[in-house]
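Student: Sequence:
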Amino acid sequence: MHCEVLQEKLHQIRSESDLPNAIIVTNVPMEVFSDDEQKSNFSSLFTQIETDCHFDFLRSFRRVRIIFHEPGNATAAKLLTEHLSFNGSTLRAFFAQPIRIRDQSDDGLLKLPPLEKQFLISPPASPPVGWEQCHEMAPVVCNFDLMARLAAFTVDDTYEVFEGDENKPKIIIHPASESEGTIPPQMSLPRTPRPPSDDVSPSTSSQIFTFDS
Numbered sequence: 002m003h004c005e006v007l008q009e010k011l012h013q014i015r016s017e018s019d020l021p022n023a024i025i026v027t028n029v030p031m032e033v034f035s036d037d038e039q040k041s042n043f044s045s046l047f048t049q050i051e052t053d054c055h056f057d058f059l060r061s062f063r064r065v066r067i068i069f070h071e072p073g074n075a076t077a078a079k080l081l082t083e084h085l086s087f088n089g090s091t092l093r094a095f096f097a098q099p100i101r102i103r104d105q106s107d108d109g110l111l112k113l114p115p116l117e118k119q120f121l122i123s124p125p126a127s128p129p130v131g132w133e134q135c136h137e138m139a140p141v142v143c144n145f146d147l148m149a150r151l152a153a154f155t156v157d158d159t160y161e162v163f164e165g166d167e168n169k170p171k172i173i174i175h176p177a178s179e180s181e182g183t184i185p186p187q188m189s190l191p192r193t194p195r196p197p198s199d200d201v202s203p204s205t206s207s208q209i210f211t212f213d214s
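Just add 1 to wherever you are in the sequence shown, counting from 1, and you've got our numbering.
These are calculated hints, taken from the structure and not from any lab test.
Source: prediction; values computed, not measured.
Be aware that a few hints might be false.
Claimed, not checked - Ranges between beta-carbon positions, derived for each pair:
#1 Phe34 x Gly73: 54 to 60 Å
#2 Glu164 x His136: 36 to 42 Å
#3 Thr52 x Phe96: 18 to 24 Å
#4 Pro176 x Met138: 34 to 40 Å
#5 Lys112 x Glu137: 49 to 55 Å
#6 Asp146 x Arg192: 56 to 62 Å
#7 Ser45 x Gly73: 38 to 44 Å
#8 Leu80 x Phe34: 54 to 60 Å
The beta-carbon is built from N, C-alpha and C at its ideal position, and this holds for glycine as well.
Given these sequences and hints, build the entire structure.
Tutor: Spelled out as C-alpha cells, the structure:
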C-alpha cells in the first residue's frame, strides 16, 4: 500500500519545483516557544543549512514549520532532524505538502461547458428500451418569411391573404378610410306623450270633490 502511494507521488512530480521545500517538525519542547535562548538554539539547527530560512512556530500543536528556498535544503533538514533528541524530546519531521498553483490549461482541471444552449428533448416518464436523448431544433428567433410579408403589407395598399381556388374564395384585405373608421354620433330620439290609461279616465282624474262641514 505504501509503495503504491509512493509511486503515485513520484508520478505527480513533474519538475524540481514540485518537490517540497518545507518541513514540519513535531514533538517540539515547550521551552522553544517560551524561552528565547532555546528558540535560538533550535533555529540554529536549520540556519546552518540555509541562513535565511523561514520559521513558523505553532505553539498550540508543539510544531514548527521551516520553509527553505531550495528543496534540497529541506531534504537535508529532514534527515538531520529525524529522531534527533533536543532537550529530552525526540523530534520527528515530515515534508509539508507543496502548494502548486496550476495553470488554467491543465488537463486535470474541469473545463467549462461550451457557451451554447442545450435544447434537449425531455425523456418520457417511462423511457422505452433503446431510447436516446436527441437535440431539439433551436427556436426560430427571426422568421424572414413573416418579416417579408409584414414589410410588404402597408396601410395604403390592399393585401391578398389567400389566393383562392375552385372551392374557396379569395381573401383580400382593404384598408379602411378615415371616414369609415370614425364612429358616427348617436341620434337623439324625440320624446312622445304617455298614452292614456284605461283605469283612470281624464274626467275622473280632473274632478274636484267638495265637502260641507
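Student: Determine for every hint whether it applies to the structure shown.
Tutor: Okay, the hints, checked on the actual structure:
no., hint, verdict
1, Phe34 x Gly73: 54 to 60 Å, "violated, 28 Å"
2, Glu164 x His136: 36 to 42 Å, "holds, 37 Å"
3, Thr52 x Phe96: 18 to 24 Å, "holds, 21 Å"
4, Pro176 x Met138: 34 to 40 Å, "holds, 37 Å"
5, Lys112 x Glu137: 49 to 55 Å, "violated, 24 Å"
6, Asp146 x Arg192: 56 to 62 Å, "holds, 60 Å"
7, Ser45 x Gly73: 38 to 44 Å, "violated, 20 Å"
8, Leu80 x Phe34: 54 to 60 Å, "violated, 24 Å"
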